[in-house]
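Add chain B to chain A, keeping to what the hints say.
Protein sequences, first through last, are from chains A and B.
The first sequence runs 0 to 344 under numbering that gives the first Met the number 0.
The second sequence runs 0 to 344 under numbering that gives the first Met the number 0.
Do not take every clue at face value.
Identical copies go unnamed one by one, so any copy, or any two together, can satisfy a pair.
What the hints assert, rightly or not - Once the Cα atoms are required to be at most 35 Å apart in a straight line, the calculated DSBU-like pairs of lysine-lysine come out as:
id: 1; residue 1: Lys145; residue 2: Lys108
id: 2; residue 1: Lys19; residue 2: Lys261
id: 3; residue 1: Lys19; residue 2: Lys108
id: 4; residue 1: Lys112; residue 2: Lys170
id: 5; residue 1: Lys261; residue 2: Lys168
Derived from the structure by calculation, the hints contain no laboratory data.
Number of protein chains: 2
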Amino acid sequence: MATELGRRIVLAARPVGEPKDGDFRQEAFALPAPGEGQFLLRTIYLSLDPYMRGRMSAGASYAAPVELGQPMTGRSVGQVLESRHPGYRAGDFVFADIGWQSHGLSDGKGARKLDPEAAPISTALGVLGMPGLTAYVGLLDLGQPKPGETVVVSAATGAVGSLVGQLAKLKGCRAVGIAGGPAKCDYAAKELGYDFCLDHRADDLAGRLAEACPNGIDVYFENVGGAVLEAVLPLMNTHGRIPVCGQIAGYNATQAPPGPDKLPLMMRLALFRRLTIRGFIISDHTARASDFYREVGGYLREGRVKFREDIVEGLENAPRAFQGLLRGANFGKLLVRVSPDPTRG
Amino acid sequence: MATELGRRIVLAARPVGEPKDGDFRQEAFALPAPGEGQFLLRTIYLSLDPYMRGRMSAGASYAAPVELGQPMTGRSVGQVLESRHPGYRAGDFVFADIGWQSHGLSDGKGARKLDPEAAPISTALGVLGMPGLTAYVGLLDLGQPKPGETVVVSAATGAVGSLVGQLAKLKGCRAVGIAGGPAKCDYAAKELGYDFCLDHRADDLAGRLAEACPNGIDVYFENVGGAVLEAVLPLMNTHGRIPVCGQIAGYNATQAPPGPDKLPLMMRLALFRRLTIRGFIISDHTARASDFYREVGGYLREGRVKFREDIVEGLENAPRAFQGLLRGANFGKLLVRVSPDPTRG
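Only chain A is shown next, with the shape it has when bound in the complex (with noise of 0.2 Å):
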C-alpha cells in the first residue's frame, strides 16, 4: 500500500461566475499513515453540495472559503484502511469530512461509525445526513407547519426537498413543488407525494402556481431565490413562514441583476403579510440531530419517506458534476462514487 498514490481535487482558481474546468485541479498524493489517534479512510461516495460554491469565493459566505491549491472541502462515507483511534477499526464503515479526496486521514471530529445493516451507508450523506437535517429542521422548526396548511418546496426533488416535500405530507399539509423539468415535476409528484409539483422553466409560473396554491401559502421552503421566488411571496398568506435554506439561483451571480428592484415589494408584503423570513445554516441545528435520526429514520424504515440518488462515477468527474448541480442538472441527491461500495451487490 506504501505505493499507491491518493487523488484528490484543488481548487486552482476562484471562479468567476459559473465554475469552470480551470478552477479545479487533480493531483496525486502519497498516502499519508495514520498519527496516533488517526484514522486512513477510503473514500467511497463524495458529496456535491450547493453550499461548496460559497467556499471557492473569497468572502461573504457564512464559512471560511477553501484556500487556493487546497482540497475541495466536502462530506464523504468510506472505509477504514488502517487505524490508530480507539474508536476506529479498519473496515469500519464511516462518514468524516475529509474533502474531494479519494483516501484522507481523520482524527474522528466530526466523524460517525455507520451500521450499513441499518441504512444503506450512501444515506449517510442524504436522506439521514447533513442535506436531511436540514430539511427537517427547516420545515418542522423554522416552518412550523399546521395540519391543512399549504407548503411550498423549491428544488423539490433536491436532495433536501425530496424530504421536505414528503415530511410536508406526513404532517397533513398540502405540499405544491417546483423544479426543473418534466421528469423531476413527474418524480414529485408520482412517487415523493406532492399533491402538485411544477415545472419553473415552464411558462407562466406565478399563474401555475396561484391554481395550485387556491388557498395561498403558509410556509415557503425556499432554496432557490430568483424567478421561483418572485412567483411565491405575492401568494403568501398573513402570517407566513419563509425558512430560506438556499439562494441557488444566485450563487453564481457576479453582480446584482438589472432592475426593478423588487427589495420594496418583498419587505411591503413582510410587512403587510407579517412574514417571517429566517434564513439558516443546519451546524447551527445539531442538537436536533438526534430526534431527526429517531424520526426519520423510522420513516425510511417503515418506507414512508423515499429518497433519489444520482450517482457520477469517479473522482475526475466531481468537477462537471458540481458544475451541473448549480443548473440543476441532477436529479437527485448528487454522489460521487470515488471507490466501489462493498456494501452494494
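Here is chain B on its own, set in the frame of chain A:
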C-alpha cells in the same frame, strides 16, 4: 347644541403617489345624538400615523381601505359631551377610534377612559398608545436585544422610533439612530440618549453607519426601507433580527423602483448571516398591552423615558400635516389639536 355642526375630513380620491390636497375634502355634518349604549365625543387630539397611507389605497395593505366619501380612519383623544353608555359620563376623557372628525359617536368598542392625572391625555396616542406598544413589542419581543448588542433604529425620533431607542438604552444596548436632518439627530443624541444619530440626508450613510457600529448590527428596527435599509443590511451580524414595523419610504411608490434588483442580495445575506426578518402589525400583539403600560408607564413617571409631540392646530390642517408626515416633515409624534385641551394650562 342641536345647531352646532361637526366637521370631518373624508377621502375624496384615492391618491396616486403622494397624497394631494384634492384627495381630501372637508365636510360639515349635524351632530348626531347618541343612541342607547353610545356616547358622543368631542375630539381634542387626532393622531396622524404613517399606516393611514395604506388605508387610502384600494389594495395591498393589512386592513380594509377607507371607502371614497367616508371619513379617514384615525385614533383620537377627546371628551365625552353626552353619554348613553353605562361606562362613560359627560366630561370623561376618552381614547377612541372615531376618525378625522371633530365629533363622533362611539359604542365603547376599542375605547378607553383616560386619567389626566396619571399622564397627559395626548400620550394615549403616542408614547403610551399604539406607537409606544409598537416600539415595545417590536424591540423586546421580536428584536430580543441583549445587553451589549447594537440596535439601529430608523425614523429614530418618530413616535415609534424615539421609544425604541430609549428602550434599547434601558436594556443595556448600544443605540444608533438614523433620522432626517441635523435637528432631529441632535435631539436623538442629546435628549433621547442615542449613542449616535446619523442624518440619512447627508452623504455616505453606509460609511458613517459602519463607523458608528464597529461591532456590526444585531437588531435593526425597520421603519423606512429604501436607502436606509440598504445601508444597514451589509452590517447585520450573524443571527441578527430585523423587526419590520414600517416602510414609509415606499408608501407613496406607484411602481417598483429601478434596478439593480437588491432582493437577491437581501436573501443571500438572510441566509449567510442567518437573519430573521419579521413583519408585524401591532393589532396582533395587544395581549402585551398591560405589560407595556406597567413598564413604560413606570419609566415615564420616573422620567427615564421622554417624548416629544408635534402639534398642528385645526382639523382643516390635517391633510397637509399628513402629507408632511410621509416626507418626514414632523418632529416627534404628530397630532392635530382639533379643539382645546382643558387639561393643559
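- Task: Quick one: which hint numbers does this structure break? Sort them smallest to largest.
- Result: none
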